[in-house]
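Below are the chains, spelled out letter by letter.
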Amino acid sequence: MSLRATSSQTVGPYFAIGLTWLERSDLAEPGVPGERISIEGRVLDGDGNPVPDAVLEVWQANSHGKYAHPEDTQKKPAEPAFRGFGRIPTDDEGRFRFTTIKPGPVPGPDDRLQAPHIAVTVLARGLLQRLVTRIYFPGEPANETDFALGLVSPERRGTLIARQTGGDAGRLEWNVILQGPGETVFFDC
Amino acid sequence: MKHLAGYRRPYPGTQPNYLSPLYRSSIKRAPTEPLIYLPHTLSEVTGPVFGPGDVDVKACDLTHLHAGEPLGERIVVRGRVIDENGRPVPNTLVELWQANASGRYLHKWDQHDAPLDPNFTGCGHTLTDAEGRYRFVTIRPGEYPWRNHYNAWRPAHIHFSVFGPAFATRLITQMYFPGDPLLPFDPIFNSTPDEKARERLISQFDWETTLPVQALGYRFDMVLSGRESTPWEAK
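Chains as they are written, first to last, in our numbering: chain D, 1332 to 1520; chain G, 3 to 237.
Don't read these hints as lab results, they were simulated from the structure. All figures in this text were calculated on a predicted structure; none of them were measured in a lab. One or more of the hints may lead you astray.
Below, a list of computed lysine to any residue pairs in the SDA-like style, where the Cα atoms sit at most 20 Å apart [to be verified]:
(1) G:K30 with D:T1452
(2) D:K1433 with D:G1362
(3) G:K30 with D:R1461
(4) G:K60 with G:L129
From the structure, some residues in chain G lie toward chain D, with a derived Cβ separation under 8 Å [to be verified]:
(5) Q17
(6) Y39
(7) L98
(8) F169
(9) R172
(10) A199
(11) M224
For each residue, glycine too, the CB sits at the ideal point set by N, CA and C.
Could you put the whole structure together from the sequences, leaning on the hints where they help?
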């Protein structure tokens, strides 16, 4: 016998009441090893207007490529101070920003390594289900062979790859275009 | 690492379409490109883990977070978080938020002309126990008007957020109340095509949950994606 998963419903416009207590936009406390990065961007709708009532949830491995989760049984160092979870709201102009460390590569199909990436959930008024996407890193040779990027047509792949901004190697920009030209690639997850 | 089993995808019709034009906010926010099927990897079968150190034990009683008692009808909402295989989902974080008894949210954008309640914030959280059970004490939320269409009113509802064991099992939903006359007219509730899936969003009045001379009880179980029984293999 199988039950059926509960239907998703939108977070609506007022989710901040319920979700703010768990906001995390600085994922890595001082002392957590890894390359420090910041990722900033905007969430935009099909008219190019900012989405001020969105929230991103991010999930990533530590700098060694190990997740803080019991099912990650890889023999790699755990970092107890690094949980790998972030919850970042957009502001009145649809902007978000979070700081973290660059994740290490984790295994994918056939134990081939995936390129370093951050898993992202997008929640907003108007989204009846969450949207799932990924953030990849610029100048990463492993992007060429990453299995998930390989599922995406070359012309849309760029929507998943952050780019350097502001002349600082660790400062990255990545945007979420919900609809229309330049629409971000979203996954059926 | 050994091959990891992925999580099951939703049964057709049981999840809302991103584009549901009667819910106007979806029109400019729904993606137009088809979603790309992502086989589950270690990134999707893991997910954030929360424990007792992350939660406030008082946050499961929304009626005792302030100096006085909130206005409205006290209710108990309890249920289980289980997966599609019927297994309990223990120790998982459940968050909830809602309007007050007058149908007003404590939010700067809620301009509904109904009073705020200084004794009611409208948010809570808890962890499920070893059997996947959760329990909240709160106030029955009021219905409220919104601007989706002429004379639009949202049925009474409580928002729920559940993580489950993996990134792939994240669920955000809304719980409704039995017999609400607004349900047939609500474009959010009706965005889910499957009638039975919609009905499962409606809580059930429950004598066993009801507290004598104190609070009516409602049951609301939430089902998360179940694990595939066969190990997932790359195509």
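Each hint, compared with the structure:
1. G:K30 with D:T1452: Distance ~18 Å between K30 of chain G and T1452 of chain D Cα, so the pair holds.
2. D:K1433 with D:G1362: holds, 14 Å
3. G:K30 with D:R1461: holds, 15 Å
4. G:K60 with G:L129: holds, 12 Å
5. Q17: Since the shortest Cβ distance to chain D is 6 Å, the answer is holds.
6. Y39: holds, 5 Å
7. L98: holds, 6 Å
8. F169: holds, 5 Å
9. R172: Given a least distance of 6 Å, the restraint on R172 of chain G holds.
10. A199: holds, 5 Å
11. M224: Hint on M224 of chain G: holds, closest Cβ of chain D at ~5 Å, below 8 Å.
No hint from the list above goes unmet by this structure.
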